[in-house]
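Use the sequences and the hints to build the structure in full.
Sequence lines, in order, name chains A and B.
End of the first sequence sits at 709 in the working numbering; the numbers just go up one at a time, nothing left out.
End of the second sequence sits at 709 in the working numbering; the numbers just go up one at a time, nothing left out.
These are computed hints drawn from the structure, not numbers from a lab.
Note that beta-carbon positions come from the ideal geometry of N, C-alpha and C, so glycine has one too.
Wrong hints could be hidden among the right ones.
Unchecked claim - In silico SDA-like pairs for lysine to any residue, Cα to Cα no more than 25 Å straight-line:
#1 K617/A with A646/B
#2 K535/B with Q651/A
#3 K650/B with G534/A
#4 K636/B with Y560/A
#5 K650/B with Y560/A
#6 K650/A with Y555/B
#7 K511/B with S561/B
#8 K636/A with A640/B
#9 K630/B with H600/B
#10 K617/B with S523/B
#11 K636/A with P632/B
Claimed, not checked - For the chain A half of the interface with chain B, some residues (derived, Cβ under 8 Å), not all of them:
#12 G569
#13 A574
#14 T614
#15 A646
#16 L654
Protein chains: 2
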Amino acid sequence: MAIKVYELAGADGAQRFSPYCWMSVMALAHKGLQFEGIPWRFSEQDAIAFSGQGKVPVVVDGDKTIADSWAIAEYLEATYSDKPSLFNGPGGKAGAQFVTAWAETTLMPIIFPLVVADVHSVLRPEDAAYFRETREKVLGVPLEEACTDKGPQMAKFRAALEPLRAMLAKQPFLGGDAPSYSDYVLFGYFMFARNTYPQDLLEASDAVYAWREKLLDAFGGLARKSKSA
Amino acid sequence: MAIKVYELAGADGAQRFSPYCWMSVMALAHKGLQFEGIPWRFSEQDAIAFSGQGKVPVVVDGDKTIADSWAIAEYLEATYSDKPSLFNGPGGKAGAQFVTAWAETTLMPIIFPLVVADVHSVLRPEDAAYFRETREKVLGVPLEEACTDKGPQMAKFRAALEPLRAMLAKQPFLGGDAPSYSDYVLFGYFMFARNTYPQDLLEASDAVYAWREKLLDAFGGLARKSKSA
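Here it is as C-alpha cells:
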C-alpha cells in the first residue's frame with residue numbers, strides 16, 4: 481500500500497503550498513518511495529484527528545502515523561535506511577537542523593507577510609475565514625496590510641539569501657553534489673511562494689534561481705507539475 | 481614532531497584573534513593532535529612564504545603545508561580519519577559549508593566594523609599601519625568611523641544570532657550532542673570579538689552565551705586561556 485501524505489491545499493486540491501508539506505513530499509520522493517498526496521484543508525480537522533494533532537504534513541505508512549515535517553524526515557531516514565540518505569550521516573542531520581532554524585527565523589518572517597493575503601485568496605471560503613482570523617491575531621493587522629510595499633520586501637528576501645548564494649558558489653546543492661534534506665527545507669519556502677504568490681521572488685540571473693530550477697525538475701518534475709499561483 | 485599552526489597575533493604574541501585561526505586551532509584540538517601555535521603578524525610575510533601565499537592560518541604537519549581554514553579542516557579530517565570526526569559524515573561537511581557561508585555573509589559584516597578599531601589597537605606599530613591602510617580601503621572610512629554607534633551594532637549582532645539560538649533550543653551544539661567543525665566556525669567569530677573588543681557581545685541569559693562557555697572550557701580551557709581584550 482502506498483504511503484499517504486496529507487498536504488495543505490487550496491480551494492483547488494491541486495494547489496499545494498505548505499512549505500512543511502513540500503519538505504515531506506520531496507523527502508518521500510528522495511527516498512524513492514511510492515506515495516499518494518491527499519489534499520487537506522484547515523477545516524478538515526476530522527480527517528487527521530487519528531494523528532492526535534491538528535496540523536499537516538501527516539504521513540501514514542502502513543500502521544505508522546507521523547506528524548511534523550522534521551519527525552517525518554527522521555522517520556523516513558531511520559525506516560528506509562537502505563534508500564538514498566536524506567542527511568548523509570549524523571553531521572548532516574545536525575546541519576539540516578541549522579538550515580531549518582535559519583529558514584524559520586530568517587526567511588519565513590520575510591516571506592509570510594509578503595504572501596499572506598494571496599494565501600488567503602486561494603483558500604475555500606470556510607478555510608479563508610479561519611485563516612484570516614488566526615493569522616490576523618498573530619500579525620496584529622489585516623492580512624492586506626501585512627506588507628503594503630512588496631517591492632522592497634522582495635528585495636529584502638533576495639538579500640537574505642546571501643548565505644545560500646555564497647554556498648552555491650562552492651557546491652551545487654546544500655547537500656553537496658546532490659540534494660539532501662537541507663535543500664528540501666529551503667525549497668519548501670520557495671514552493672510556498674510559487675504556489676500562492678503571483679510574482680517570482682527571484683531574478684533569473686540569481687544562482688538560487690538555477691538551484692531552484694534543478695529542484696523543480698527533480699523526480700520527474702514533481703514540484704513543477706504542482707499548481708502555481 | 482608536533483604540528484605547527486601559524487596564528488595571527490597582536491603585539492603581545494599571546495593575543496590571538498583571527499576567527500579563521502581559531503577554527504583551525506579548535507579543529508586540531510578536536511582531533512586530539514599535539515600542536516604548537518606560532519604567533520604571526522601581518523608584516524611577517526617571510527615567515528610563511530614557504531606556504532606559497534600570504535595569509536594565516538597555515539598548518540605544517542611533517543612535510544605537508546596547508547593554508548586556509550577550510551582546507552585545513554578537510555586535510556585534518558582526511559588525514560586523521562581514525563580520530564574524532566570534525567564533520568560526522570559527508571552531510572555534516574556540506575552543513576559546515578552552509579554554516580561557514582552564513583557566518584561570513586551575516587555575522588562578519590556586523591562584527592567587523594564593530595571591532596576593527598580595537599583590532600588596530602592591539603597590533604604592533606608596523607602591523608597597525610598596514611592594517612589601517614588595507615582595511616580603510618575596504619571600509620571607505622577611517623577605522624574609528626566604521627561603527628560610531630556601538631550599542632545598536634551589538635544589538636544587531638545579537639539579533640542576527642537568532643538561527644543559532646533556535647537551533648540550540650533543540651540540541652546543545654551545532655554538531656548535535658557534541659561540538660563539530662560547524663561549532664568551531666561560529667566560535668571563531670566569538671574569539672575574534674573576545675580577544676580584541678573590550679565589551680562582551682552577549683548577555684549572560686542568552687543560550688548562545690552558555691554554548692560559548694562550553695567551547696571556552698573545551699580541551700582544558702584552550703580558548704579561555706588565550707589573552708582577551
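### Task
Would you check the hint for K650/B and Y560/A, treating anything up to 25 Å between C-alpha atoms as holding?
Measuring from Cα to Cα gives roughly 24 Å; hence the hint holds.
### Query
Holds or violated: K650/B with G534/A, Cα cutoff 25 Å?
holds, 22 Å
### Query
Can we keep the A646/A interface hint, with Cβ of chain B closer than 8 Å?
Holds - the Cβ of A646/A comes within 8 Å of chain B, reaching about 4 Å at its closest.
### Message
For a C-alpha distance cap of 25 Å, please report whether K630/B and H600/B respect it.
### Response
Distance of about 17 Å is within 25 Å: holds.
### Query
Taking the least C-beta to C-beta distance, is A574/A closer than 8 Å to chain B?
holds, 4 Å
### Query
Under the criterion of a CB-CB separation shorter than 8 Å, is T614/A in contact with chain B as hinted?
violated, 22 Å
### Hinted contact L654/A with chain B - closest CB pair below 8 Å
Cβ of L654/A sits 6 Å from chain B, so the hint holds.
### Query
Going straight from one Cα to the other, do K511/B and S561/B come out at no more than 25 Å?
Holds: K511/B and S561/B sit about 9 Å apart, inside 25 Å.
### Message
Checking one constraint from the list: CA of K617/B to CA of S523/B, max 25 Å. Satisfied?
### Response
holds, 18 Å
### Message
With the threshold set at 25 Å, check whether the alpha-carbon distance from K617/A to A646/B stays at or below it.
### Response
holds, 23 Å
### Query
Should the interface hint for G569/A be scored as holding, given a Cβ-Cβ cut-off of 8 Å against chain B?
This hint holds: G569/A lies near chain B, its Cβ roughly 2 Å from the closest one there, short of 8 Å.
#### Entry: Pairwise hint evaluation, A640/B against K636/A, where the allowed Cα distance is 25 Å at most
With Cα atoms ~15 Å apart, K636/A and A640/B stay inside 25 Å; holds.
Checked against the numbered hints given earlier, the structure breaks hints 4 and 14 and satisfies all the rest.
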